[in-house]
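J.: Listed here are the chains, written in short residue letters.
Protein chains: 2
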Amino acid sequence: MKNKPKRNVIVGQSGGPTAAINSSLAGVYRTAIDRGYQKVYGMLHGVQGLLEGRYIDLSDHIKTKLDEELLKRTPSAYLGSCRFKLPGISEDRAVYEQIFNILNDLEIDCFIYIGGNDSMDTIKKLSDYAIVTGSEIRFVGCPKTVDNDLALTDHTPGYGSAAKYIGTSVKEVIRDGWSLETAKGQVLIIEIMGRNAGWLTGASALAKGEDCDGPDAIYLPEIPFDVDAFVEKCRALLKKKRSVVITVSEGIHTEDGTYISDMGNSASYVDAFGHKQLTGTARYLCNVISERIGCKTRAIELSSLQRAASHCASRVDILEAYEVGGAAMKAADEGESGKMVVIERTSDDPYQSGTEVKDVHRIANDERLVPREWITEDGTYVTNRFISYVRPLIQGDVAAIMVDGIPRHLFVPGYQELL
Amino acid sequence: MKNKPKRNVIVGQSGGPTAAINSSLAGVYRTAIDRGYQKVYGMLHGVQGLLEGRYIDLSDHIKTKLDEELLKRTPSAYLGSCRFKLPGISEDRAVYEQIFNILNDLEIDCFIYIGGNDSMDTIKKLSDYAIVTGSEIRFVGCPKTVDNDLALTDHTPGYGSAAKYIGTSVKEVIRDGWSLETAKGQVLIIEIMGRNAGWLTGASALAKGEDCDGPDAIYLPEIPFDVDAFVEKCRALLKKKRSVVITVSEGIHTEDGTYISDMGNSASYVDAFGHKQLTGTARYLCNVISERIGCKTRAIELSSLQRAASHCASRVDILEAYEVGGAAMKAADEGESGKMVVIERTSDDPYQSGTEVKDVHRIANDERLVPREWITEDGTYVTNRFISYVRPLIQGDVAAIMVDGIPRHLFVPGYQELL
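Protein sequences, first through last, are from chains A and B.
Just so you know, we're using our numbering here: the first sequence kicks off at 1 and counts up by one.
Just so you know, we're using our numbering here: the second sequence kicks off at 1 and counts up by one.
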């Protein structure tokens, strides 16, 4: 393999977008070009788009170093995303044959997939199929997820920027509450992403500092949620302060597994992986507080704002995302397959990290939750250990490239219509 | 008056907080000190707190130039806000006597009130009472409101920063939608503040540029809202694109005055001025789209995030807010009373502005709406004239003072308990 001329690379993005996933794409592209590959294709909407023959030549999009910098600062998945679940090899060989035919037609040597748990499942299956069929194409996964729930890696690119945005916005909203004059007090509930893992919701504790108390309580999905205890907590807090701010994960549920969001009448939507789209947890709890305590309430859902907030990205995160993209490309170039790049933290203070390559079979579909001992005993806050874990990941800024007062993103005319 | 030694100043904040209202406070403080006043008091929670004898000496809070810079970057009303409506002088003289007794005890020469329409009403009544009773205390208003609905001024401090945040966040969320792969498409509805005036919602058009289409439709409260026409608009848009993003004002209502937010089952709350607190417009419309079109929907309310987003403040806005605070203090120092400072735009391109002083009787309780000709004929977008009005107000950034990865705000230990 070493003596064959290098041919082409294809890269895709999958799962929920983040503020850092395009920095990984830039890292893959730069390393592929630097290592002498001819073309770097981008599959549009991941494997799903690839199956429909939809892809671009990334050199039509990244023409200058400035374009590369813009790409690092562009939120969302530049290539479009998908939630396509590959069937098992024994279930449907035809789809694998189709994918490999396309890859062979494009003369692909390396296939890089940037995504979360579901994407690593795709890497696992495709690399297995390559072994079974004797294909020399290498398949390497590059981690991303705002949820930070990927196993084996210290953390995932995308999480740090979302955590920085959450810490910043929650702090601003807490301060906003200080201005309030209301005799009965107000309970503000902020709903944060994270279906089963409370990493993002826990990051709201970053608001806490010398100049801010932080949220008054933090409810993660790792701990069963008790509505009555929650109401009593609010009641007690309102005796001490006028403006109570509480952060909750979208995925909090009671001991018996009932999602709080399902207790209201929220519309629900199930994706291709059978994941339920959750909405309305904060609003439901506001209604409960309003009825039982009678004070003013306000619900805020950070919704897709939190994963798209490139304007508030963490420098550590954007750089690590770039490095991880580069490391995935390097691993594939050096003959690795069925692997995922992970981030290894070598020191907390000063923060130091590096990348490693791990077997994707050990990773796929494992959800990493917040350790029980990083949550306080009563289950309503995160501990200092949690804070010292996340704090290094939000350091530094990535100055947006401002045009007319608004951050500029990478864009090629007509591209949106292709997506 | 000129030969009397200068005594003290008191300043208050009222109404909904903004990202710039504390920059005006810093401007008042700096100018008062520079002009030789002894003490600058801050009333806590405006006139309401003053009546309860709650105030601070601002020099205990702003001890250094760094503190002043931090104050300019601190969102919310540093002094706390209120929505206290002064009765007419003939209705309740006692409350006026009480206020003037407090002011006289504190040896106040100048009373500066930073706020919106309701606050200017307070300035008007207090200055009238001063004339009636021969008091030499001067009362000057300093404009602020994210809503930008104050009459006689070209725009109000606070609006530019909120507009910049809205343009930035809407652009990020639109881009987030590009990543989406869904056969039926998605309609995302973003709800923006503005009860009767569409200035903030219109600012979502700032997302539009060479790299972004901007929102697909913009609904302001100035134009009666037709639910059926809205559904048809969405249906037509979904034929052209996968991800439809629409911005709506919280205050949109039908021809007969029914608020869209009231069509759902949202909790409603009426403040001291009889203003209804609106929630749930976007969510209600999502439910309608979901039922009638059957596609995926997502509702985002920018809620208090949009008025508290100091991390995304506009430099023009923060500097103008500071200037306006200084100009209010200067006017009061020079003997003006019953006046409000306004911003006069002298040029659009290059943008130039200055301050003037106007009679508060001409201003109070007048709401300035978006002119009909700045909205497209079909009522679903703003025109270029609107954009060229708002664009200069979002220019430039105010670098946050970052500590541990999160913006630092001004804070004095124990202060929160006083508020």
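Any given hint could turn out to be false.
Stated by the list, open to error - Partner residues are not named here, just some residues of chain B that face chain A (Cβ under 7 Å, in silico): (1) His45; (2) Ala183; (3) Lys184; (4) Gln186; (5) Leu206; (6) Ser303; (7) Leu305; (8) Ala308; (9) Glu344; (10) Ser347; (11) Asp349; (12) Ile394; (13) Gly405.
Claimed, not checked - Derived lysine-lysine pairs resembling DSS-like cross-links, with alpha carbons at most 27 Å apart: (14) A:Lys4 x A:Lys208; (15) B:Lys241 x A:Lys85; (16) B:Lys208 x A:Lys65; (17) B:Lys65 x A:Lys208; (18) B:Lys85 x B:Lys63.
Keep in mind that the hints were calculated from the coordinates and are not lab data.
By construction, the Cβ of each residue, glycine as well, lies at the ideal position given by its N, Cα and C atoms.
J.: Return the numbers of the hints above that this structure violates; sort them in rising order.
T.: Failing hints, ascending: 2, 3, 4, 9, 10, 11, 14, 18.
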